[in-house]
Amino acid sequence: MLKVERLDAFYGDSQVLHGVGITVGDGERVAIVGRNGAGKSTLLKSLMNAGPRVSGLVEWQGENLRDMPSFRRVRLGLSLVPEDRRIFGHVTVAENIEMARYAAGGNALPAAVVIERFPMLVPIKDRPGGRLSGGQQQMVAVARAIAARPKLMMLDEPTEGLAPVIVEQLARDVKAACVETGAALLLSEQNLWFARQCTDRLYIIDSGQIVFSGDWPALDRAPDVKQRYLAV
Amino acid sequence: MLFTIINGLATGMAVFLVAAGLTLIFGILKILNFAHGAFFMIGAYVAFMIVGSNPPSLWLFLLASVAAGLVVGALGFITDRTVLRRLRDVDEAYMLIATFAVLLICEGAVKLIWGVNYASINPPPLLDDAIIVGSLFIPTYSAFLIGFGVLVYVALDLAIHRTWLGKLLQAISNDSWMTGLLGVNVPVALTLSVVASFMLAGLAGGILLPNQTLSPVLGGSYLLLAFIAVIIGGLGDIRGAFIASALLGVIESASSVLLPNIPGLATYVFVVVFLLVKPQGLFGSAST
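Taken in order, these protein sequences are the chains called S and U. 1 is the number of the first residue of the first sequence in UniProt numbering; add one for each residue after it. 1 is the number of the first residue of the second sequence in UniProt numbering; add one for each residue after it.
Just so you know, the hints here were simulated from the structure itself, not pulled from any lab data. Treat each hint with caution, since some may be false.
[What the hints assert, rightly or not] Dumping the calculated SDA-like pairs for lysine to any residue here, alpha-carbon to alpha-carbon at most 20 Å:
1) S:K125 to U:A196
2) S:K151 to S:I22
3) S:K125 to U:K167
4) U:K167 to S:Y102
5) S:K226 to S:D200
6) U:K167 to U:A196
7) U:K167 to S:G182
[Unchecked claim] What the simulated footprint calls covered on chain S by chain U, stretch by stretch (three residues with Cβ under 8 Å from a Cβ of chain U suffice, anywhere in the stretch; the number is not a length):
8) 74-83
9) 91-99
10) 102-112
11) 194-204
All values reported here derive from a predicted model rather than from experimental measurement. Backbone N, C-alpha and C define an ideal beta-carbon position, used for all residues, glycine too.
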């Protein structure tokens, strides 16, 4: 469904990604793991054309996206939850989620339906977006993405800065939301436990290049890879 | 005294009609549009072409104002495509210089098209009268201005705070990158905001035409007060601009009665003191 080949990405003159190639199948859940600064966020933003300058192939459902602006990509079923979440402070939680519907139009889900899927959001649905904890913000951000009924949801380091108990809750909710809506998942993470809970296979990215591809048991069989690219 | 206040409110609403478009374009696009006054003036000239010095009827006058809004809105679209849109991603200083250049071009164009002669315009029938309540004498045109200003304010406030289009525009103003990631066609929404702001300028030009001396320097007349209202109201805040405009109008009016020898001084003293006390504007935040 998503095919990326020879992808280079630049911020100004500095090249961040070097010939990245990945694929994500229909309804498949895939993780991109790697250290800080390895290029995880840049990769996800490149797929949305939301920041870096990009060259190479990004093919989505057989169509080469070239320089299509990000709002069009959203309408084709791609969705990115950025690592800083970016919840709108001027409207409530429910309105944040409803916003996705008015933005993307079409067949998006009503906020009430989405909120039911995320138990944590029910008691806070009328709270202003500016008064949420980090975990609540992340839940709202995921719910907002799900509301647009993406075919591929991209989460950028969702567990960053969250308490362990929230991380467990988030893993359950993210996986359930993907399974229920049939959405594929591309997850950028440093938290291997979380990534493993949510996905079936992974890529390791290091210095802007893919250095490992396989399922989680394959990673277990390659302790040297883990040591070299993921140990802190 | 009451007369002074009503007179002041009428001036204030005139200021607000100009300030509304200014604060809208600032709130959403962060553009300080120097050319706003010039487009206000073009709106006045367009309306003048339709109604002449003695507007034959109230309806034609209103129609001419709407037409002025539409013409200036179209000019806004052209200005956005040729100038503003190209400068969205560069330093704000370029935008200031560019809108100043547009101001000069507009003033030149007005002189070329309509000449440098002065024209004065009377209020249309029904608005050339006065309402007399006891000892109070209120020109109907002043009453009309106050009513129209309140109407424009209520309509804008509802549009921005109660409609989804308004909420999306606020979202763009707060975080255009994320709003785009939700699927909003941000470039089109920004162009729409520019057109709306220019339409307000054109409409104001038409509505404020009576009791004006129409000349190529009209552009600057309300612009200064409107800028002050926008700053005091909190940049980008419609409600703030509305209240600040009313306040400024009343201060102007009162000072012209109480201190007739030094016109304008009270306004500037007020602005300086206000900004020292509340530099963030009336409601303390810079959001729409």
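Of the numbered hints stated earlier in the document, which are not met by this structure?
1, 7 and 11
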